[in-house]
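*Asks:* Those protein sequences? They're chains V and A, same order as listed.
Taking the numbering used here, the leading residue of the first sequence gets 18, the next gets one more, and so forth.
Taking the numbering used here, the leading residue of the second sequence gets 18, the next gets one more, and so forth.
Any given hint could turn out to be false.
Put simply, identical chains are the same to the list, so a pair is met inside one copy or across any two.
[Said to hold, decoys possible] With a cut-off of at most 25 Å between alpha-carbon atoms, the simulated PhoX-like pairs for lysine-lysine come out as follows:
| no. | residue 1 | residue 2 |
| --- | --- | --- |
| 1 | Lys-113 | Lys-51 |
| 2 | Lys-51 | Lys-156 |
| 3 | Lys-267 | Lys-372 |
| 4 | Lys-115 | Lys-164 |
| 5 | Lys-265 | Lys-244 |
| 6 | Lys-224 | Lys-33 |
| 7 | Lys-137 | Lys-29 |
| 8 | Lys-51 | Lys-98 |
| 9 | Lys-115 | Lys-156 |
| 10 | Lys-246 | Lys-224 |
| 11 | Lys-137 | Lys-117 |
None of these hints come from the bench; they were simulated from the model.
There are 2 protein chains.
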Amino acid sequence: MRQSQLFTKTKKETPKDETARSAQLLLRAGFVHKELAGVYSFLPLGLRVVNRIVAIVREEMQSLGAVELSMSSLQDSNVWKSTDRWSDASVDVWFKTKFKNDTEVGLAFTHEDPLTRMMKGYVSSYRDLPVFLYQFQTKFRNELRAKSGLLRTREFLMKDLYSFTATKEDLDAFYEKAAAAYSKIWQRVGIGSQTVRTFASGGSFSKFSDEFQTVCDAGEDTIYLEKDKSMAVNKEVYTDEVLKELGKTKSDFDEVRAIEVGNIFKLGTRFSEPLGLTYTDEAGKSHPVIMGSYGIGPARVMATAVELFNDEKGIIWPATIAPFDVHVVELNPKKDAAISTEAEKLVKELEASGKEVLHDDRDLSPGQKFADSDLIGIPVRVVVSEKTMKAGTFEVKERNTGEVVHMTMEELGRTT
Amino acid sequence: MRQSQLFTKTKKETPKDETARSAQLLLRAGFVHKELAGVYSFLPLGLRVVNRIVAIVREEMQSLGAVELSMSSLQDSNVWKSTDRWSDASVDVWFKTKFKNDTEVGLAFTHEDPLTRMMKGYVSSYRDLPVFLYQFQTKFRNELRAKSGLLRTREFLMKDLYSFTATKEDLDAFYEKAAAAYSKIWQRVGIGSQTVRTFASGGSFSKFSDEFQTVCDAGEDTIYLEKDKSMAVNKEVYTDEVLKELGKTKSDFDEVRAIEVGNIFKLGTRFSEPLGLTYTDEAGKSHPVIMGSYGIGPARVMATAVELFNDEKGIIWPATIAPFDVHVVELNPKKDAAISTEAEKLVKELEASGKEVLHDDRDLSPGQKFADSDLIGIPVRVVVSEKTMKAGTFEVKERNTGEVVHMTMEELGRTT
Chain V
18 MRQSQLFTKT
28 KKETPKDETA
38 RSAQLLLRAG
48 FVHKELAGVY
58 SFLPLGLRVV
68 NRIVAIVREE
78 MQSLGAVELS
88 MSSLQDSNVW
98 KSTDRWSDAS
108 VDVWFKTKFK
118 NDTEVGLAFT
128 HEDPLTRMMK
138 GYVSSYRDLP
148 VFLYQFQTKF
158 RNELRAKSGL
168 LRTREFLMKD
178 LYSFTATKED
188 LDAFYEKAAA
198 AYSKIWQRVG
208 IGSQTVRTFA
218 SGGSFSKFSD
228 EFQTVCDAGE
238 DTIYLEKDKS
248 MAVNKEVYTD
258 EVLKELGKTK
268 SDFDEVRAIE
278 VGNIFKLGTR
288 FSEPLGLTYT
298 DEAGKSHPVI
308 MGSYGIGPAR
318 VMATAVELFN
328 DEKGIIWPAT
338 IAPFDVHVVE
348 LNPKKDAAIS
358 TEAEKLVKEL
368 EASGKEVLHD
378 DRDLSPGQKF
388 ADSDLIGIPV
398 RVVVSEKTMK
408 AGTFEVKERN
418 TGEVVHMTME
428 ELGRTT
Chain A
18 MRQSQLFTKT
28 KKETPKDETA
38 RSAQLLLRAG
48 FVHKELAGVY
58 SFLPLGLRVV
68 NRIVAIVREE
78 MQSLGAVELS
88 MSSLQDSNVW
98 KSTDRWSDAS
108 VDVWFKTKFK
118 NDTEVGLAFT
128 HEDPLTRMMK
138 GYVSSYRDLP
148 VFLYQFQTKF
158 RNELRAKSGL
168 LRTREFLMKD
178 LYSFTATKED
188 LDAFYEKAAA
198 AYSKIWQRVG
208 IGSQTVRTFA
218 SGGSFSKFSD
228 EFQTVCDAGE
238 DTIYLEKDKS
248 MAVNKEVYTD
258 EVLKELGKTK
268 SDFDEVRAIE
278 VGNIFKLGTR
288 FSEPLGLTYT
298 DEAGKSHPVI
308 MGSYGIGPAR
318 VMATAVELFN
328 DEKGIIWPAT
338 IAPFDVHVVE
348 LNPKKDAAIS
358 TEAEKLVKEL
368 EASGKEVLHD
378 DRDLSPGQKF
388 ADSDLIGIPV
398 RVVVSEKTMK
408 AGTFEVKERN
418 TGEVVHMTME
428 ELGRTT
């Protein structure tokens, strides 16, 4: 893609109303635009990163045998009244609105309740189970304060997976498979070595849930990380009683800050019972369906990666979720038309070998172009200039290490 | 994909609260689920159709040189006050809600206003123009009545494209390119020969706009279709004055019902002026940016295709937007395990040749399976049974014509 077509521009000033480093960088580099406190639009660069995260998550959901659907954002109050979650006293993040006839409706902050009701039309026998469903759908949460930029927003895309099984044993088995898929996702998006499965409160659903916490000073959560980094315990359940149950003592843990990038819940019959989602077993006996839910917010993953990987010059994207694979930067194209021609040829070669390329074809100074490239943070930068053309090789710089090598077009096609 | 994994079931009963044939069929066949009047969730089959339409539309947007982004659903009231579109008197389809601190926010019914404001950060010179942006994003419209099923809903995905140009001439040229892209889209999704460019009111933006209307008795609009079917005039502007301007007379037209599947507007400076989106020309003089907007609702296109293509047995999908390319139906798999093995082999062969396949592996009667297959409406049905295995060929039926032929696996791989 030509950078002249991208329309966004980088900004030198740090936005005054953002304290999170990730929000500052993503705004300055033109990945997102702030509409309201806690509400962001995704510009082409940001949308590309989110889409790459979504594609990785989708692959892992398909590997679990889950099927994709898309539930509505506007929700029927009746279903939430059945589960006692409609009042602001029970759920403090509702956005509500009204039809013209004054019928009150909710904006989805999650989808367990309407999905459970819907499944009554499709599940009646043990033969209909298990079912695993997921979606990528907007969630609206009326947060009292929105102060961590992209890490906690009032409107965000969420991947939510739901399991419907006949027995608790089937839930337990799928839950561990889902946890393993989550670990694989953190590895694939590049935050695996900082992310740890964490014992957390199960809320009203069960004694415990599992969170996946990425250790990072910018995090809103406090967790206790085992010294060997194999697991952690959220502050909210870090009690003598829980530690005893886990066979651990406080000396095993260090207190750290962390970002919750995913969470998984054993819902049991919390929703199936009040909503009447039941199945009949082989003997003809009726039981409530056993449920689980499993969430990931792709934009929060994006912001977490930026918190972890940046320097004073800008973002350093993990290769798998970068908006582009290679940034081809042509210098002084107005001086010699052959430079643009050479850059275009290189872009075509790289694209033919399966790379996504951003081509800086703008008429700006080399200094501005290099600063933009460092800020945007594409893993590999290739310079095409009068000098490189004379040398017969390209100047290839790795954003992460800063290492510069010189390569021919053939070498580049093979190695980037 | 295995049909046993799909979880949805077809329904025999026609939903009592739906009058549109498309909604009845899409609900019965398990493409969508109704959450509220005018609010639908998309089940796996429906999501697949929408995604195929989206993919076609996206290709055509990219061909226009447009770049994809994604704006927020929650919108700042201030921007709408600047353009005098915040009050319910000026816009009668608003859904509004509130932050915890009582700040009123809107749910996007369209995105011209916040997008125009955002572009002030990126456009200042003639060198920054033109810019063409598009998104696939949910729109919320508080319709007084929702009575046409999927044809008019309170929440729907929309592709909206926006053009920002320096001059009216640049707008006119892009507008015609966009109109041509729209015509190509109707052809590609299979509704081209029923869809006609239609003169319509330009509302508060300009004298005329162009609608793309699909001739269909279920449509909510009345249009006057020229006898040679090359163009049409919407009832709202079907006056002697307009006909004179077009050089036509009433005898040239027939009155028909139609569904508006797309519309394009020359916005001019309607938004750029009040919001102060300006550019400086080469002489240093400031001008408001000239805008256009271009919409398509993929789910309405889906419902329109169903209105056009169905029979008493169910839906007949155009091949390009069908949820799957081939429906492999195995009969009596419990009777002989070799039938399932053969069906699986066939599915793998077809998938290897690039086909998307739904494999009916369920233990149901042949009658039930055939009825489901006709209702769901995948273009090609292939039966694998004891009989076909003896014959050494598969029974291949075209959903559209009902024509049955017998083919070997090799022939199938080449022809479907």
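*Asks:* Provide an ascending list of the numbers of those earlier hints which the structure does not satisfy.
*Replies:* 3, 6 and 11
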